[in-house]
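Novice: In case you want the letters, here they are:
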Amino acid sequence: GNSVTQMEGPVTLSEEAFLTINCTYTATGYPSLFWYVQYPGEGLQLLLKATKADDKGSNKGFEATYRKETTSFHLEKGSVQVSDSAVYFCALSNYGQNFVFGPGTRLSVLP
Amino acid sequence: NAGVTQTPKFQVLKTGQSMTLQCAQDMNHNSMYWYRQDPGMGLRLIYYSASEGTTDKGEVPNGYNVSRLNKREFSLRLESAAPSQTSVYFCASNYEDGYNEQFFGPGTRLTVL
Chain P
2 GNSVTQMEGP VTLSEEAFLT INCTYTATGY PSLFWYVQYP GEGLQLLLKA TKADDKGSNK
62 GFEATYRKET TSFHLEKGSV QVSDSAVYFC ALSNYGQNFV FGPGTRLSVL P
Chain V
8 NAGVTQTPKF QVLKTGQSMT LQCAQDMNHN SMYWYRQDPG MGLRLIYYSA SEGTTDKGEV
68 PNGYNVSRLN KREFSLRLES AAPSQTSVYF CASNYEDGYN EQFFGPGTRL TVL
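The listed protein sequences correspond, in order, to chains P and V. Numbers in the numbering used here are just positions in the first sequence, counted from 1, shifted up by 1. Numbers in the numbering used here are just positions in the second sequence, counted from 1, shifted up by 7.
Since the hints were made in silico from the structure, they are not lab data. Bear in mind the structure is a predicted one, so any value in this text is a computation, not a measurement. Note that the Cβ used here is the ideal one computed from N, Cα and C, for glycine as well. It cannot be assumed that every hint is accurate.
Said to hold, decoys possible - Examples of chain V residues lying across from chain P (beta carbon under 10 angstroms, computed):
| id | residue |
| --- | --- |
| 1 | Val11 |
| 2 | Tyr42 |
| 3 | Gly47 |
| 4 | Arg51 |
| 5 | Leu52 |
| 6 | Phe97 |
| 7 | Cys98 |
| 8 | Asn101 |
| 9 | Asp104 |
| 10 | Tyr106 |
| 11 | Gln109 |
| 12 | Pro113 |
| 13 | Arg116 |
Take these sequences, add in the hints, and give me the full structure.
Specialist: Here it is as structure tokens:
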């Protein structure tokens, strides 16, 4: 079946540090891949997505590239801010099957 | 355009009480979902509805029932609440085609004493 693995954290960084959160997946066919962000006390919001191999999703300075050869979709940001402190979820969607979410990675950015 | 709305935002129940969590979306989506989120467990799918008039069990359906009242509304009912159902509940919706993201509501924080 489909599955998503991501580093669980917590990840603690200083402001302006480089961020990488690893995400790998197992799926048949050609899934779509997503990163969601959850700020304290709120629901999940879509951060970025990619629907085919080699696509790069980007938003708010975050980027992730769909790598079919390594079945990965790692999230990166060049310079994090305190306001990026949140929980980040990697997810995949395959036609006719339910969404699969990773366990989430808590990021704390210190000033 | 309100997106996905949920009521109530907070609720405290005693063991054995019943309640219904309400969810509505105004994006004309065909599919709707109920998840629960517990510390260290990520998101777990309770029930989903691929289209109006259909519902299916997810990963953790025991102790819950759902109703897809119409295309906009999808409710989750706890008939006899248990402390193990203390959680944050999220409703989501999308056009299910394998490509489209799910849109989430703000959540309902439920405590069962």
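Novice: Would you mind marking each hint as holding or not holding in the structure?
Specialist: Hints, verified against the model:
1. At its closest, the beta carbon of V:Val11 sits 8 angstroms from a beta carbon of chain P; the interface hint therefore holds under the 10 angstroms criterion.
2. Interface hint status for V:Tyr42: upheld, as the beta-carbon distance to the closest one in chain P is roughly 8 angstroms, under 10 angstroms.
3. The beta carbon of V:Gly47 comes within 8 angstroms of a beta carbon in chain P, closer than 10 angstroms, and the hint placing it at the interface holds.
4. With its C-beta approaching chain P no nearer than about 9 angstroms, V:Arg51 sits inside the 10 angstroms limit, and its interface hint holds.
5. Of the supplied interface hints, the one on V:Leu52 holds, with its beta-carbon coming within about 6 angstroms of a beta-carbon of chain P, less than 10 angstroms.
6. Nearest Cβ of chain P to the Cβ of V:Phe97: about 6 angstroms, under the 10 angstroms cut. The hint holds.
7. Annotation: V:Cys98 was flagged as interfacial toward chain P, and the flag holds, the nearest CB pair being 9 angstroms apart, inside 10 angstroms.
8. Interface restraint check: V:Asn101 against chain P, minimum CB-CB distance 8 angstroms, threshold 10 angstroms, status holds.
9. For V:Asp104, the shortest C-beta to C-beta distance to chain P is roughly 6 angstroms, which falls under 10 angstroms, so the interface hint holds.
10. With 10 angstroms as the threshold, the beta carbon of V:Tyr106 comes within range of chain P, its nearest partner Cβ sitting at about 5 angstroms, so the hint holds.
11. Annotation: V:Gln109 was flagged as interfacial toward chain P, and the flag holds, the nearest CB pair being 6 angstroms apart, inside 10 angstroms.
12. Hint status for V:Pro113 relative to chain P: holds, with the closest Cβ pair at about 5 angstroms, below 10 angstroms.
13. Evaluation of the V:Arg116 hint against chain P yields a held restraint, the C-beta minimum of about 9 angstroms falling below 10 angstroms.
The structure agrees with every numbered hint stated previously.
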